[in-house]
Amino acid sequence: MHILLVEDDGLLAEGIVTALKRSGFAVTWLDKGKTASAYLAGEAPDILLLDLGLSDMDGMELLRLVRQKQFPTQVLILTARDSTTAKVMGLDAGADDYLTKPFEIDELLARLRVLERRLGNAPTALIQVGPIILDTAHHLALLNNEPINLSRREYMLLKALVEHVGIIQTKEGLEGKLYSWNDEVASNTIEVHIHNLRKKLPADFIRTVRGVGYMVPRQ
Amino acid sequence: MKSIRVFLVVLLVAIVTLANFAAAVRGYLGSMDEAERLFNQRLLQQVDLLNYLLPARYEDYSRQHSPETFPSQNKTDLSNESPAIAELQFQWVDNNGTLLARSAALPDEIIAELKTGYQFVNFNHYRWHVLVAPAANNTGWYLLAERDDQRYRLAESMILQAVLPMVIAIPIIGLVIWWVLGIGLRPVSSLAKEFHAREATDLRPIGLQDMPSELTQLSQSANELLRRLESSFLREQRFSADAAHELRTPIAALMIHCENLLHDIDPVPDSAYKLQQGIKRMRYLVEQILLLNKTSPDHFMSQFKPLNLTALVKQVIVSASDALSEKNIDVEFDGNECWVDGDTAALETMINNLLGNAIKYTPEGGKTVLHTWLRGKEVVLEVSDNGPGIPADQYGRVFDRFYRLYGDRHDSRTPGCGLGLSIVKQVVDLHHARIHLTRSPFESGLLVIVTFTASEKGDATQ
Numbered sequence: 001m002h003i004l005l006v007e008d009d010g011l012l013a014e015g016i017v018t019a020l021k022r023s024g025f026a027v028t029w030l031d032k033g034k035t036a037s038a039y040l041a042g043e044a045p046d047i048l049l050l051d052l053g054l055s056d057m058d059g060m061e062l063l064r065l066v067r068q069k070q071f072p073t074q075v076l077i078l079t080a081r082d083s084t085t086a087k088v089m090g091l092d093a094g095a096d097d098y099l100t101k102p103f104e105i106d107e108l109l110a111r112l113r114v115l116e117r118r119l120g121n122a123p124t125a126l127i128q129v130g131p132i133i134l135d136t137a138h139h140l141a142l143l144n145n146e147p148i149n150l151s152r153r154e155y156m157l158l159k160a161l162v163e164h165v166g167i168i169q170t171k172e173g174l175e176g177k178l179y180s181w182n183d184e185v186a187s188n189t190i191e192v193h194i195h196n197l198r199k200k201l202p203a204d205f206i207r208t209v210r211g212v213g214y215m216v217p218r219q
Numbered sequence: 220m221k222s223i224r225v226f227l228v229v230l231l232v233a234i235v236t237l238a239n240f241a242a243a244v245r246g247y248l249g250s251m252d253e254a255e256r257l258f259n260q261r262l263l264q265q266v267d268l269l270n271y272l273l274p275a276r277y278e279d280y281s282r283q284h285s286p287e288t289f290p291s292q293n294k295t296d297l298s299n300e301s302p303a304i305a306e307l308q309f310q311w312v313d314n315n316g317t318l319l320a321r322s323a324a325l326p327d328e329i330i331a332e333l334k335t336g337y338q339f340v341n342f343n344h345y346r347w348h349v350l351v352a353p354a355a356n357n358t359g360w361y362l363l364a365e366r367d368d369q370r371y372r373l374a375e376s377m378i379l380q381a382v383l384p385m386v387i388a389i390p391i392i393g394l395v396i397w398w399v400l401g402i403g404l405r406p407v408s409s410l411a412k413e414f415h416a417r418e419a420t421d422l423r424p425i426g427l428q429d430m431p432s433e434l435t436q437l438s439q440s441a442n443e444l445l446r447r448l449e450s451s452f453l454r455e456q457r458f459s460a461d462a463a464h465e466l467r468t469p470i471a472a473l474m475i476h477c478e479n480l481l482h483d484i485d486p487v488p489d490s491a492y493k494l495q496q497g498i499k500r501m502r503y504l505v506e507q508i509l510l511l512n513k514t515s516p517d518h519f520m521s522q523f524k525p526l527n528l529t530a531l532v533k534q535v536i537v538s539a540s541d542a543l544s545e546k547n548i549d550v551e552f553d554g555n556e557c558w559v560d561g562d563t564a565a566l567e568t569m570i571n572n573l574l575g576n577a578i579k580y581t582p583e584g585g586k587t588v589l590h591t592w593l594r595g596k597e598v599v600l601e602v603s604d605n606g607p608g609i610p611a612d613q614y615g616r617v618f619d620r621f622y623r624l625y626g627d628r629h630d631s632r633t634p635g636c637g638l639g640l641s642i643v644k645q646v647v648d649l650h651h652a653r654i655h656l657t658r659s660p661f662e663s664g665l666l667v668i669v670t671f672t673a674s675e676k677g678d679a680t681q
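Chains as they are written, first to last, in our numbering: chain A, 1 to 219; chain B, 220 to 681.
Just so you know, not all the hints are guaranteed correct.
Stated by the list, open to error - To list a few chain A residues with every Cβ distance to chain B over 10 Å, as calculated:
# : residue
1 : 27
2 : 30
3 : 40
4 : 56
5 : 64
6 : 70
7 : 125
8 : 130
9 : 187
Stated by the list, open to error - A short, non-exhaustive set of chain B residues, derived as facing chain A with CB atoms under 7 Å:
#  : residue
10 : 464
11 : 467
12 : 470
13 : 472
14 : 474
15 : 475
16 : 478
17 : 479
18 : 502
19 : 533
20 : 536
21 : 540
22 : 550
23 : 552
24 : 553
As the list claims (entries may be wrong) - In silico DSSO-like cross-links for lysine-lysine, where the CA-CA straight-line distance does not exceed 27 Å:
#  : chain 1 : residue 1 : chain 2 : residue 2
25 : B       : 546       : A       : 171
26 : B       : 546       : A       : 159
27 : A       : 171       : B       : 524
28 : A       : 159       : A       : 200
29 : B       : 579       : B       : 546
30 : A       : 87        : A       : 171
31 : B       : 499       : A       : 87
32 : A       : 199       : A       : 171
33 : B       : 644       : B       : 579
34 : B       : 499       : B       : 586
35 : B       : 579       : B       : 499
36 : A       : 69        : A       : 34
37 : B       : 412       : B       : 524
38 : A       : 21        : B       : 493
39 : B       : 546       : B       : 499
40 : A       : 159       : A       : 87
Note that these hints are calculated values from the structure, not bench results. Computed from a prediction, not measured in an experiment: that's the story for all the values here. Just so you know, even glycine gets a beta-carbon here, dropped at the ideal spot from N, CA and C.
Model the full structure from these sequences, guided by the hints.
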């Protein structure tokens, strides 16, 4: 997994490079927008970790360049700007995710793993949470290495919860993931799926957050 | 407050009144002279009339011992003029000074000196105008008399009829001036209205089309001022954004290096953990100061839009997932979907700080409950916890900047800087909402109630 880090702050970049290398990523660090665009002319990294506030050009331009070339690169924006519009603009311009500075290194790694999975690379296609393993490449769920029989929607629901382990998923958000906008969704559909899912999973694997949604806690 | 309109109306009406008065006085004096001439001519005409009738009867009258008396025969009542003025008052005197005939109202004595011309004489308690004129055929003299006061009254009533409309016209003129000035000053009042209706954050220039030349200067100056204000706001915003960037990047670097340090050293020295704590506190403080600056009324520039407060509350709960799990806090949401007019980022900050406080001050395994209720035309947001709460006598002070409950004795494990509730209060004030602190429904703890006006647009979409 090759990551291109474009960040003009040397102190921060060195810290990120150390942390990513320790976690087994191959990292190339460039501190100028111009050198980065020259690099991107030659080869496409798997993941581009992009600081928007570069000294010599707007990071957004690099993002546009990557999208123009139709690289399969996943782009994670690092930004110190806090205005919501800046984030929205970044996502609209084709970024896959954004992270606001300052961030915990665990948060950065978690985001990178999600992007990695999207790239479809085998080693990260497996998500493990406690006794549950999700094989996203083969759409399989395993409990203590035994496959569990899940319907398509139950699998999608479990994947949404397990992918964001420790993060509450709202009922509305889950409905959005399971159904397209024109599907008729009864008000208790998610509850029914969760009920069925719970029967097949260890007790208390899925926690209810009353009035908000559901969560798979970190094990 | 001074009003241009009132000032102009008073001034113009005063000028009109004064001019009218001067014209009336002038007209009065002129008319009086004219009336005098008219009355004198009437006396001359009467001499003519007497000459048609009287000389023929000279022989009859001169033989009589007492003068012939003519009572007033005028029975024609065409108007309500006083009869005395319509009557012909005369004496006929022969060349020897003997009275031949007279009208009933005049005495037997000859009233004036027999000398051709106009004279003033006093008798019967009145002042009279007398015309002495020689009669035809050398038959003596006619003395024609008219009472001065009657003449004066008649003249005056004639003149008053002419002057009175001028007086009545003054209030009418005043009303017309008021109305016309209203039309004339309309651009001023519409300019004032435009300024009044503007939001404090609306710095668009004023349109100069259809602006009268007198106001163009003012509007241009105002536009210039607005432009400078806007650029200063933008500079301020850019500065805040730059400051945020310049502060966050080194803190991010510190955090990463500190985490790397914790990984690299084994065993980890206690100071490394202290270092991490210090960085966390600095990060928190910087974020809160940036938020305080961003939501300060002087810098706040956003336009309010209808937004789903309930969805925002859920979103904030979701983003606090880690902090909630870390302290194993049971979070719960209840209520109906509520819409308010507001700024998403500011409200998110507010809810985040309220939930953050609840998490921070609630012990492990505690409980926090959030509600959004629609109550009539109001939206109520409630955040309650079962932490230690705040003593009632401190409710007023906790919104002060950098004020922390129990001061330095505060549990140092809970990072805080005493800005959280100041920011909350600032956002509440920006949205013209109310905030109220009270005891939570649990055995202990705090209940924060924020009351907004419900969004009308939100109602329509539900």
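Here is what the structure says about each hint:
| no. | hint | in the structure |
| --- | --- | --- |
| 1 | 27 | holds (13 Å) |
| 2 | 30 | holds (17 Å) |
| 3 | 40 | holds (23 Å) |
| 4 | 56 | holds (16 Å) |
| 5 | 64 | holds (21 Å) |
| 6 | 70 | holds (31 Å) |
| 7 | 125 | holds (24 Å) |
| 8 | 130 | holds (14 Å) |
| 9 | 187 | holds (13 Å) |
| 10 | 464 | holds (4 Å) |
| 11 | 467 | holds (4 Å) |
| 12 | 470 | holds (5 Å) |
| 13 | 472 | holds (4 Å) |
| 14 | 474 | holds (5 Å) |
| 15 | 475 | holds (3 Å) |
| 16 | 478 | holds (5 Å) |
| 17 | 479 | holds (5 Å) |
| 18 | 502 | holds (6 Å) |
| 19 | 533 | holds (5 Å) |
| 20 | 536 | holds (5 Å) |
| 21 | 540 | holds (4 Å) |
| 22 | 550 | holds (6 Å) |
| 23 | 552 | holds (3 Å) |
| 24 | 553 | holds (5 Å) |
| 25 | B:546 - A:171 | holds (23 Å) |
| 26 | B:546 - A:159 | holds (25 Å) |
| 27 | A:171 - B:524 | holds (25 Å) |
| 28 | A:159 - A:200 | holds (14 Å) |
| 29 | B:579 - B:546 | holds (9 Å) |
| 30 | A:87 - A:171 | holds (24 Å) |
| 31 | B:499 - A:87 | holds (24 Å) |
| 32 | A:199 - A:171 | holds (19 Å) |
| 33 | B:644 - B:579 | holds (18 Å) |
| 34 | B:499 - B:586 | holds (24 Å) |
| 35 | B:579 - B:499 | holds (14 Å) |
| 36 | A:69 - A:34 | holds (16 Å) |
| 37 | B:412 - B:524 | holds (23 Å) |
| 38 | A:21 - B:493 | holds (26 Å) |
| 39 | B:546 - B:499 | holds (17 Å) |
| 40 | A:159 - A:87 | holds (26 Å) |
Consistency note: the structure conflicts with none of the earlier hints.
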